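Guided by the hints, dock chain B onto chain A, whose structure is given.
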Amino acid sequence: DAGVTQSPTHLIKTRGQQVTLRCSPKSGHDTVSWYQQALGQGPQFIFQYYEEEERQRGNFPDRFSGHQFPNYSSELNVNALLLGDSALYLCASSLSVTPYNEQFFGPGTRLTVL
Amino acid sequence: LAKTTQPISMDSYEGQEVNITCSHNNIATNDYITWYQQFPSQGPRFIIQGYKTKVTNEVASLFIPADRKSSTLSLPRVSLSDTAVYYCLPHSISSGSARQLTFGSGTQLTVLP
Numbered sequence: 001d002a003g004v005t006q007s008p009t010h011l012i013k014t015r016g017q018q019v020t021l022r023c024s025p026k027s028g029h030d031t032v033s034w035y036q037q038a039l040g041q042g043p044q045f046i047f048q049y050y051e052e053e054e055r056q057r058g059n060f061p062d063r064f065s066g067h068q069f070p071n072y073s074s075e076l077n078v079n080a081l082l083l084g085d086s087a088l089y090l091c092a093s094s095l096s097v098t099p100y101n102e103q104f105f106g107p108g109t110r111l112t113v114l
Numbered sequence: 001l002a003k004t005t006q007p008i009s010m011d012s013y014e015g016q017e018v019n020i021t022c023s024h025n026n027i028a029t030n031d032y033i034t035w036y037q038q039f040p041s042q043g044p045r046f047i048i049q050g051y052k053t054k055v056t057n058e059v060a061s062l063f064i065p066a067d068r069k070s071s072t073l074s075l076p077r078v079s080l081s082d083t084a085v086y087y088c089l090p091h092s093i094s095s096g097s098a099r100q101l102t103f104g105s106g107t108q109l110t111v112l113p
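Chains A and B, in that order, are what the protein sequence lines are. If you read the first sequence in the working numbering, its first letter stands for residue 1, the second for the next number, and so on. If you read the second sequence in the working numbering, its first letter stands for residue 1, the second for the next number, and so on.
Just chain A, same shape as in the assembly (with noise of 0.2 Å):
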């Protein structure tokens, strides 16, 4: 049974770029949700996604989208890269009738914005 999948592992771009990263859940579960996690500190969440729609939203700006596909894999996309979205991005998948919050991580794609 493979747990959460996530590509690419490593990641360089520049100032200004778009950049669009991927997620496989575990198998069965139907939410996904994004992180970022910078040096040194907690992972922040990004948004989550449910029947292919966002479903909460953390303090994010717009430049952060995402989309989720009827297989329940997602994306994250970032626009007009900034040096400060260097980090750690982060998947988690769950399942959501399970009446506690299990979240299942993936190892995460490390950003580097130059």
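Don't read these hints as lab results, they were simulated from the structure. These numbers were taken from a predicted model, which means no experiment stands behind them. Just so it is clear, CB atoms sit at the ideal spot from N, CA and C, and this is done for glycine as well. Keep in mind that a hint or two might mislead.
Only pairs whose alpha carbons sit at most 20 Å apart, straight line, appear in this in silico SDA-like list of lysine to any residue [stated by the list, open to error]:
# : chain 1 : residue 1 : chain 2 : residue 2
1 : B       : K3        : A       : R57
2 : B       : K54       : A       : E102
3 : A       : K26       : B       : I47
4 : B       : K3        : A       : Q37
5 : B       : K3        : A       : G42
6 : A       : K26       : B       : Q42
Far from chain A by the CB rule (all over 12 Å, computed), these chain B residues [stated by the list, open to error]:
#  : residue
7  : Q16
8  : E17
9  : V18
10 : S23
11 : T53
12 : A66
13 : S79
14 : T102
Relative to chain A, chain B alone:
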């Protein structure tokens, strides 16, 4: 959302029991406490979750006193591989916000030989 306070770092030796305490003074009545573990360059991993009193699983125990203003993660007989950052997260499981996890800065546990 409840604010949490944890020690920034802790050191321990192999084979010792480690207790990491988290303060969460304004936890809501229906909030649960969850602990996650994170190794460098990896995503966080669920360790344990509880509401009150004591919960134990194969890797840890979680103690939550009656006033629920704090919780303590107990790791028995730690090994070098337990070196990681540990996060305490109060959250509600009864609303749509349940899926949003709010991480603090966590506690860096270093296990020494």
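Here's how the hints hold up against the structure:
With a CA separation close to 19 Å, the supplied pair K3/B and R57/A stays within the 20 Å bound. With a CA separation close to 18 Å, the supplied pair K54/B and E102/A stays within the 20 Å bound. For the proposed pair K26/A and I47/B, the alpha carbon gap of about 17 Å is at most 20 Å, so the pair holds. For the given pair, K3/B sits about 18 Å from Q37/A by alpha-carbon distance, which is consistent with the 20 Å threshold.
For the hint pairing K3/B with G42/A, the CA-to-CA distance comes to about 13 Å; that is within 20 Å, so the pair holds. With a C-alpha separation of about 16 Å, the suggested pair K26/A and Q42/B falls inside the 20 Å cut-off, and the hint holds. Against chain A, the non-interface label of Q16/B holds: every CB pair exceeds 12 Å, the least being about 25 Å. At roughly 25 Å from the closest C-beta of chain A, the C-beta of E17/B stays outside 12 Å, upholding its exclusion from the interface.
Listed as a non-interface residue, V18/B keeps its Cβ farther than 12 Å from every Cβ of chain A; the least gap is roughly 19 Å. In this structure S23/B is separated from chain A by more than 12 Å, as the shortest Cβ-Cβ distance comes to about 16 Å. With a least beta-carbon separation of about 17 Å from chain A, T53/B lies farther than 12 Å from that chain, consistent with its non-interface assignment. Remark: the non-interface label on A66/B is consistent with the geometry, its nearest Cβ contact in chain A lying 21 Å away (cut-off 12 Å).
For S79/B, the shortest C-beta to C-beta distance to chain A comes to about 22 Å, beyond the 12 Å cut-off, and the non-interface label holds. Annotated as non-interface, T102/B brings its C-beta within 12 Å of a C-beta of chain A; the closest such distance is 7 Å.
Consistency with the previously given hints fails for number 14 only.
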